[in-house]
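> Take a look at the letters that make up each chain.
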Amino acid sequence: MNHPFLPLLVMFAVASVIVVALLTVASLFGPKSTNAAKNDPFESGNPPTGDARIRFSVRFYLVAMLFLIFDLEVVFLYPWAIYFRHLGVFGLIQMGIFLVILTVGYVYVWKKGALEWD
Amino acid sequence: MSVSTAVFNLIALLLVVSAAMVAFSRNIIYSAFSLLGTFMGVAGIYIFLGADFVAAVQLLIYVGGILVLILFAVMLTHRITDVTITNRAAGRIPALIVVVGLVYMLIQTVRTTPWAAAKQVTFASTTATIGDAFLYDYLLPFELASLVLLAAMIGAVVLSRKEIKE
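Residue numbers (this note's numbering), protein chains in the order written: chain A, 954 to 1071; chain B, 42 to 207.
FYI, nobody ran anything at the bench for these hints, they're computed from the structure.
Take these hints with a grain of salt, some might be off.
As the list claims (entries may be wrong) - So the derived list for chain A, only partly shown, Cβ under 10 Å to chain B, looks like this:
1) L975
2) L981
3) F982
4) F995
5) V1027
6) F1051
7) V1057
Treat the numbers as computed from the prediction; the structure is a model and nothing was measured.
Each residue gets a CB set at the ideal place from its N, CA and C atoms; glycine is no exception.
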């Protein structure tokens, strides 16, 4: 059987094999030396301060959530954009409604100050 | 064994191994990172099925979005790394019984289901068909999806704002 995506899949498989193989070879044959300085967390060359396991600000989560929502919006745009010539004005209006509803949310987020990083 | 079977086996191996690492890892961060291999393997399976759009969405949303969200959730949770994840409510014997029953059920399902032999499917790009379905047959669900996204957006803001005020 000739799968049309076979070259892509072969590349995917070869890439996975190479990653696993290189990591295995490196951990088997690589030189191992540990000292206190090497095990320190890297903070751009400065001596590390405090614990690395701090609680991150919840704002990061909000940003990730907003990213995901607009990411999903883009996913809905793809099939529409590919089929756009056939859909014409009707498709433009439908996608316009879709985008306006999401823009309402964007304006709400903006006005609420959720994008401020004070 | 043809090339395509070999590649399928390799992707299945990646999928199962990383899924096992998600389940068995004692450190929740390792579990979260192992999920990457699982999501990639699922994307590979979608490509095998000729679902190019779903595979792209899998990469874009799950690998690019959900995984980041899960990692943030782990990092935001206070001292989650100190918790040893074991379930003491049920012992090993009841768990073994449940697992054996489940595996038996799955094997029986695989054996008794009359699997439809794969026809010679023509692999055309599915994206245009999906676009057509969105704008004609499933227009209302499509527009409702934007309302669901709006609700998620407002919900995220309301919840995290409350957290900041404390």
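> None of the hints should be skipped; say for each whether it holds.
Here is what the structure says about each hint:
{"no.": "1", "hint": "L975", "result": "violated (15 Å)"}
{"no.": "2", "hint": "L981", "result": "violated (19 Å)"}
{"no.": "3", "hint": "F982", "result": "violated (23 Å)"}
{"no.": "4", "hint": "F995", "result": "violated (17 Å)"}
{"no.": "5", "hint": "V1027", "result": "holds (8 Å)"}
{"no.": "6", "hint": "F1051", "result": "holds (5 Å)"}
{"no.": "7", "hint": "V1057", "result": "holds (6 Å)"}
Of the numbered hints stated above, those contradicted by the structure are hints 1, 2, 3 and 4, listed in ascending order.
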